[in-house]
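K.L.:
If you read the sequences in order, they're chains A and B. Heads up, the final residue of the first sequence is numbered 81 in this note's numbering, and it's a clean run with no missing numbers. Heads up, the final residue of the second sequence is numbered 325 in this note's numbering, and it's a clean run with no missing numbers.
In short, the hints are calculated from the structure, not lab data. None of these values were measured; they are calculated from a predicted model. Some clues are possibly wrong.
[Stated by the list, open to error] Calculated lysine-lysine pairs in the DSSO-like style (CA-CA distance at most 30 Å, straight line):
no., chain 1, residue 1, chain 2, residue 2
1, B, LYS292, B, LYS239
2, A, LYS6, B, LYS254
3, B, LYS302, A, LYS71
4, A, LYS16, A, LYS64
5, B, LYS239, A, LYS39
6, B, LYS239, A, LYS64
7, B, LYS302, B, LYS239
8, A, LYS39, A, LYS71
9, B, LYS239, A, LYS16
10, A, LYS21, B, LYS254
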Amino acid sequence: MKIEILGTGCPKCNKTKKFVEEAVAQAGVDAEIVKVEDMDGILAYGVLITPAVVVDGEVKIVGRVPKVDEVIEWITK
Amino acid sequence: MDNKIIPMSENAKCSCGASIIGVFPCAGASNVGQLSNAIAVELHKQGIGNMMCTVGIGGKINGLLKSAEGCDSIIVIDGCPLKCAQATMEEAGIPIGKHILLTDMDIKKNKDLDIDPAQVKEVLSKVTELL
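With the rest of the complex left out, here is chain A (with noise of 0.2 Å):
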């Protein structure tokens, strides 16, 4: 699985990282992580508000900061 955090890093964005790596710890899954700040594969995404968060090419959610528990939902399904 491969989690993608789009943003510039800024504090939603570093947030947002943390409780991804939370979530993974947490559900136990084997997930790459990556962090993506080139706005060029930002916006690939049709994303126009970061923080955002793709799991293996899926936009979950932008513009605010998952909650560890909503990010281990996406990743169990």
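Following the hints, position chain B against chain A.
P.N.:
Coordinates of chain B only, in the frame set by chain A:
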């Protein structure tokens, strides 16, 4: 009207700062449709809102739908009473905060696609007053 080109790389806005206001024009094939698009561009350039892709909502493009859902409020600009942009947002279940209809501003719809910069300026002023 300032015709400065906004690089695409500036279009993903960080949500850490002020609230995010999404602007969705109908961009239809008429004078008022093209005017809606021009107004949205100007609102974006002036930092009043963030212009987004209405057609991407209709096309159910994942990232664009999520971007709309991530907005704190939504402004929809329709050119004519067909209200295609409003219908598109409603179909997608995205709540509209403010709806603007350009033909309500004494502008008659026609098939002329060349918009007048002076009219853009005048209508922009009226739209800004409504926001």
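K.L.:
Identify every previously stated hint that the structure contradicts and give their numbers, smallest first.
P.N.:
Number 3 only.
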